[in-house]
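J.: With chain A held as given, fit chain U onto it using these hints.
The listed protein sequences correspond, in order, to chains A and U. Position 66, counted from 1, in the first sequence is what this note's numbering calls 66; the numbers after and before it change by one each time, with no gaps. Position 43, counted from 1, in the second sequence is what this note's numbering calls 43; the numbers after and before it change by one each time, with no gaps.
Treat the hints as calculated values from the structure; they're not laboratory data. It cannot be assumed that every hint is accurate.
Since the list gives no way to pick out one identical chain from another, each pair is judged satisfied if it fits inside one copy or across any two copies.
The calculated lysine-lysine pairs, modelled on DSS-like cross-linking and capped at a C-alpha distance of 27 angstroms, are [unchecked claim]:
{"no.": "1", "residue 1": "LYS52", "residue 2": "LYS268"}
{"no.": "2", "residue 1": "LYS182", "residue 2": "LYS37"}
{"no.": "3", "residue 1": "LYS118", "residue 2": "LYS242"}
{"no.": "4", "residue 1": "LYS193", "residue 2": "LYS151"}
{"no.": "5", "residue 1": "LYS244", "residue 2": "LYS118"}
The primary structure of each chain is shown beneath.
Protein chains: 2
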Amino acid sequence: MRRTVTTALTACFILALSAAAQDNRPTARQVIERIQKNVGVPWREPTVDTFKAGDPEARVTGVAVTMMATLDVLQRAAAGGKNLIITHEPTFYGHQDQTEDLARENDAVFAEKQALIKKHGLVVWRFHDHWHRRRPDGIQTGMARALGWEKYRNPANDSLYTLPAITVAVLASDLKKRLAIKTMRVVGDPALKVTKLALSPGAGGFAGHRRLLQRDDVEVLIIGEAPEWETVEYAADAVTAKRKKALIILGHIPSEQAGMDECARWMKTFVTEVPVEFVPANEPFWAPK
Amino acid sequence: MRRTVTTALTACFILALSAAAQDNRPTARQVIERIQKNVGVPWREPTVDTFKAGDPEARVTGVAVTMMATLDVLQRAAAGGKNLIITHEPTFYGHQDQTEDLARENDAVFAEKQALIKKHGLVVWRFHDHWHRRRPDGIQTGMARALGWEKYRNPANDSLYTLPAITVAVLASDLKKRLAIKTMRVVGDPALKVTKLALSPGAGGFAGHRRLLQRDDVEVLIIGEAPEWETVEYAADAVTAKRKKALIILGHIPSEQAGMDECARWMKTFVTEVPVEFVPANEPFWAPK
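With the rest of the complex left out, here is chain A (with noise of 0.2 angstroms):
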């Protein structure tokens, strides 16, 4: 009787040990919640830095940070065994993702997506705006680190660099080389002698693109992408016109991923019971021959 005693006792300890376990794991709300607490920023709506799918009060068993939640990263997520994914760019194809025009039309590859949410019961959230509010803004942080530019920084405006004097043409070969980009598009003279740069990573939008190329202090700007009857055609008129100007397009992905790389090593100083990791979206482009 008393053996039988110790041992229920022995595998109720052992259980609440177990229970004690899980309970340290935070719920993907608490792990946002610890986000908002530590970006320095007040949070401001309205944002687009909410949940997209899955059980805010789920536990987390690892969190993969990334600069797309593409179909392939939240695959590559739940085969490493995350849960929590943090991505800086939509999940479902609009910067507000919403879903209901492909739920009503029964889109197969949203349908995909959501079944691959759903099976590994993965929760999505954006982490967007607040990241890019963080001063220094956090996505040109990790852009400065993997460009090996900080030196390089405006310690008064953290989206110019002041480089050694280099050629459109190197300056695009080396960005497309550090940043391992296949497709890479530029305007302007090659053989341009430059050393004032302006880095506006994603799809900052034309009248900020502007008011960069505006700048005695700019003289190239390097972007993620823009519409081309907007700041390219603008750009290409600034060649034509003979100002010292350039416009480089490095795509949206390696425009701002290693932004997200930052993201993930911040994260790792405030969630320390579950990993964390970056998980790199790849370049959809290839160029053809």
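T.: Same frame as chain A, now just chain U:
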């Protein structure tokens, strides 16, 4: 006295003849009225097909038809003695060609373009919506002709084509060569064999792109450009989901350029008093090594 009268009369007669010759040249507005009369679809407001710069009552010295009224195109049109520019895409870097912000900012590129327009008395008119609304779509007709694809075109849907089986890699290289494109991007398996294509020139938007990629009779979607977090992420996910899909991104200008060559050919049939010439817009990009 008689001789003086005769001389005076002769001078008057020559002046009158000259005036008649002058009058024979239509105004810019009259050329546009002929376009509206000939395009074969009702004129619908609101539309971006409006005058963007210059005096609509100016007599036309010649018509330059172009894909995009870049500063370079305007310079070449003026050098060729043509003062009416018919452009498919914007002149002032936005779909609505709004200039208030550029003017308020004293933007140097905008000022240069305005100065050139004023100096040469250029008139710029956009021909976008109704050239697409024409049946078949004027841009599609020109692109099909440039690609030698008329025989592959679906008679019931002018954006669909059925080609002899070809790999995505060979198709992309063929497009690059035929359209003389320097920078092109492809999403999908280069070795995928395809026959069913959709051509959506320009920037048709995610809803349209998605509806084409959803179709069983579309394996490859060929576009001008698209935001990378919309159509591009969707296409990449479709490929990851092992759907038989690919996306070819030509760049905005090469994707529609031949459609404005077609427009120049068409305009010559009803503008006969002054020369009508297609002025190609240059691809703005080059690819770094």
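J.: Evaluate each hint against the coordinates.
T.: Results for each hint:
1. LYS52 with LYS268: within (22 angstroms within a copy, 54 angstroms between copies)
2. LYS182 with LYS37: Classified as neither; 38 angstroms inside a copy, 48 angstroms across copies.
3. LYS118 with LYS242: between (55 angstroms within a copy, 19 angstroms between copies)
4. LYS193 with LYS151: Result: close within a single copy only, 20 angstroms intra versus 49 angstroms inter.
5. LYS244 with LYS118: Answer is between; shortest inter-copy Cα gap is 24 angstroms, intra-copy 52 angstroms.
Taken one by one, the earlier hints fail for this structure only at number 2.
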